[in-house]
Amino acid sequence: MRKSWWKILCVLLLLYTFIGGFLMDVPRLPALSETIRNLYFHVCMWFCMMILFSVSVVYAIRYLRSNKLTDDIYSRHFAVVGIVFGVLGYATGSIWMSYTWADPNNTSFQSFGAVAREPKLIGAAIALLIYFAYMVLRDSISDIDKRARITAVYNIFAYALLFPTIWIIPRILPSLHPGGENGNPALDTKDIDSRMRLVFYPAVIGWTLLGVWITSLKIRLSLLKEKRLLQ
Amino acid sequence: MRKIKYLAALIISLLVTLINYAQDDKVEMADTMRSNGRIYVVVAVVVLILVGLFLYLLRLDKKITNLEKNSS
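Read top to bottom, the protein sequences are chains R and B.
Reading the first sequence from the start, the letters are residues 1 to 231 in the numbering used here.
Reading the second sequence from the start, the letters are residues 232 to 303 in the numbering used here.
The shape of chain B in the complex, shown without the other chains (with noise of 0.2 Å):
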């Protein structure tokens, strides 16, 4: 469980140093997140809920299943 949460504060935390890069890169424009109408982005927000929706499922999984384990 433990390590569950570890990489997840992992993950969340290498994608916001992703977009803190893309935001110092000025002189390159053409980033493929500012590029065609910026769909990347959106596409980068959904995702990320996506995977936190994910992430807390497998929890209630992991904690139902320590629940299981116990009660039998």
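Same shape as in the complex, but just chain R (with noise of 0.2 Å):
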């Protein structure tokens, strides 16, 4: 156990959001009621993914700038963890979705086709789609210089991708989807009120914490497997 305060802190926020999630208040609304408090575990999952597809690309630019082996093994397991939680999110979101959004005088064929145009959706899928072509890209590429180079440029690429697909195309086209007129693209900031954010904050800080946890005892593994080629 290296530097465990940070870890301690993990497991008291994430502790704290699951037992406070459930029983604190939540604001009354119509069609979300409880399901309100998804907002503590589903948006968080993205949160955490952006988080760590940043710090992914800076280690990426490191690389580039230092040529050193262990920055890309950083960046790697960065980049699949991001999408770990990114695709946690995505699976979160078509739960919640499919009993918020549906249309009870719809057929469900046709509540899905309304569903499957919203821009957010797309934007997310395509998102996570690019990097799963990052992981692709790197398995394909047998020399370990060669792919730590080319990866790197593609990470740098990639992160550029998530602006227009999950920031800017969500705030431009209407949706189903919470937020995005009154400028944020993940939430509707007039349905959470500060009851909510007491337990939300904590919710992002602990989910990214815990993803950075998992992420240093994948990077601290693959650094024991590499440590002849890395010296």
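Simulated from the structure, these hints should not be mistaken for laboratory data.
Accuracy of the hints is not assured; some may be wrong.
Said to hold, decoys possible - Among the chain R residues that face chain B by a calculated CB cut under 7 Å, a handful are:
no.: 1; residue: V11
no.: 2; residue: Y16
no.: 3; residue: I19
no.: 4; residue: V26
no.: 5; residue: F41
no.: 6; residue: L217
no.: 7; residue: R220
no.: 8; residue: L224
Every value quoted in this text rests on a predicted model; they were computed, and no experiment measured them.
Where is the CB? At the ideal position from N, CA and C, for every residue including glycine.
Both chains are sitting in their own frames, so use the hints and assemble them into the complex.
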């Protein structure tokens, strides 16, 4: 256990998220009702993904400047865990959506047609697919230095494409997903009040720390594996 | 490592006895775990899963630390 204070913080914040998230009062809103508590879980997945991808691109740039393979390993694992959180965000979103957006007057086929045209879902799917391609690209190049260089450049490209797909387009196009018109693509700031922020911000920090913790384990394991190559 | 295992076993067995207590208590029905739509039961389940996952993560962390010590 190296430098463990932030791991303890992560445990405490997530325990607080789960207990406070279920038990504390939330605004009573039509259609959403208790599902608004998903804010502490679903939205945090995306926050965590964005932060992990940002760290990943920082290490990609560091690799290009220093040519040290450790930076490449850091960059890779932050991207992998970011993808995991992104997929979890997408999956939890699809459950939440099917109970709040589905139109009871339409058949499920027709309401699926409406949902499938959602600019936010398409944007998030494109963003994730670009990162899937990052993993495919990594494993398709066998030369270590070449792989590190090419994927570092691709990582910057993928990160740049996150902005149009999940930050800009959702603000422009109308959507069933909350937020957008009032300048925040992820959530409607009018829906959540100070009581929810009391849990939401610690939840974001807690989930992010959990992502960093898992990433750090993966990095340490792969540094051990690659020890011979690095020296 | 062993200490953590014992600690985890202790905590889980304590929780199980707690739950048994709640079931045996037939006179006092307004128990916390039974009140308010029984949301506390859900919280207990979720928190237990979370604690289990954290213990697993801690174990992995310890194992990797040992590996690092041995290899250097």
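Results for each hint:
Annotation: R/V11 was flagged as interfacial toward chain B, and the flag holds, the nearest CB pair being 5 Å apart, inside 7 Å. For R/Y16, the shortest C-beta to C-beta distance to chain B is roughly 11 Å, which exceeds 7 Å, and the interface hint is violated. For R/I19, the interface hint holds, the least distance from its beta-carbon to any beta-carbon of chain B being 6 Å, beneath 7 Å. With a cut of 7 Å, the hint placing R/V26 at the interface with chain B is violated, because the nearest CB-to-CB distance is about 12 Å.
Proximity of R/F41 to chain B is violated relative to the hint, the smallest CB-CB distance being about 10 Å (cut-off 7 Å). Annotation: R/L217 was flagged as interfacial toward chain B, and the flag holds, the nearest CB pair being 6 Å apart, inside 7 Å. For R/R220, the interface hint holds, since its Cβ comes within 7 Å of a Cβ in chain B; the closest pair sits about 5 Å apart. Given hint, R/L224 at the interface with chain B, holds; its Cβ is 6 Å from that chain's nearest Cβ, closer than 7 Å.
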